[in-house]
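A.B. asks: Dock chain E against the given chain X, drawing on the hints supplied.
Single-letter residue listing:
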Amino acid sequence: MRPLVRLSLPLDIAALFLVLAAFYMALFHAPTERTMGDVQRIFYFHVPSAMMAFLGFAIVMGASIAFLVNGSRRADALAQAAAEVGLLFCTITLLTGPVWARSAWGVWWTWDARLSTTLILWLLYVAYLMLRGYMKEDLRMRRFSAVLGILGALDVPIVYFSVKWWRTQHPTTFIMEREGLHPAMRQSLRVAMLAILVLFLALLVKRLSLERLRAARDAMRAAVEQRETDAPRTPVLDGGSR
Amino acid sequence: MRQKSGGFARLAAALLIAVTVAGPASPAVSAGAGDLAQVEEMQPGTGRTGSALDARKSASRFRYLMLGYGLIWVSLGVYLLSLHRGVGRVGREIEELKARLEESGGGAQKRGPQG
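Protein chains in written order, with the numbering used here: chain X, 1 to 242; chain E, 1001 to 1115.
The shape of chain X in the complex, shown without the other chains:
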């Protein structure tokens, strides 16, 4: 975990510059789309945010499997951090989508397959974080949350292919099928993708640092409790300071 923490500042700086560049390109470099107008510029952050949510939940799945196999605390911490950051990007996707939909479709929300499955994904990871937040922090909680993390990630391919499997109002464009985009739009999308990826990594590292601090606090708390329970039995060993 420590080499990642060393990356924190360079990642923060890179994320800041790239996000600013992505906003500049989305607003000034990319041309205005003919039918949807300016609101289409939400696309440059809506799509990368959805991709980062998928990446976050895929990391949760991998780390949860690693935790169930090895019992590694680091894998568990990574799963929690990735779930939180993935949920942030899923929230951004769910917030920007309705704004775009209101302008393009005339409604804020419709119970379309893509939208509904994304909302289910979001709810699954809210449940994951609630489980971790409200249950007593022990091996049982970690195992339950690992299983829920894996089950939640199974919704990711359903969300991704929902536009192919069911008739939806959501555009059916896939990442690999964007050849039809104007070159400036494609460039803006690529920069935004990179910016959001670096931002995702920067936030993940920050969240992992917090988890490391929590682990240090828990170890220290256990030491203090141990010492305080031992103290009445061995008062002489304290040097008679009290």
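It is worth saying that the hints were derived from the structure and are not from the lab.
No false leads were slipped in.
Straight-line distance between alpha carbons at most 20 angstroms, and here's what the computed SDA-like set of lysine to any residue pairs gives:
1. Lys1057/E <-> Leu1067/E
2. Lys164/X <-> Met51/X
3. Lys136/X <-> Leu68/X
4. Lys1057/E <-> Arg34/X
5. Lys1057/E <-> Trp108/X
6. Lys1057/E <-> Val107/X
C.D. replies: Chain E alone, transformed into the frame defined by chain X:
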């Protein structure tokens, strides 16, 4: 760590304000000169992009765009703030525990959060 996170949160808030205030004044500003294939068509002889209705529609779309971008910045700002608060809270707890350890004659547990 706490200061860095706090600085980042403040910077995010400043950027949100900057982007919202200093964004392009009208939809036409945001269209590049060489993007004729994608920009809205000019009405012949008028030199204007569509009717008053189109202009209203464009303004409305631009407001939705700003709302969308605003929500992105607010979400990021709120998350960074919550991270910053979490780091601050755990840092304070570690300081308290350190003090308790030292009070109870510690020495073995000198390893701090950075250790």
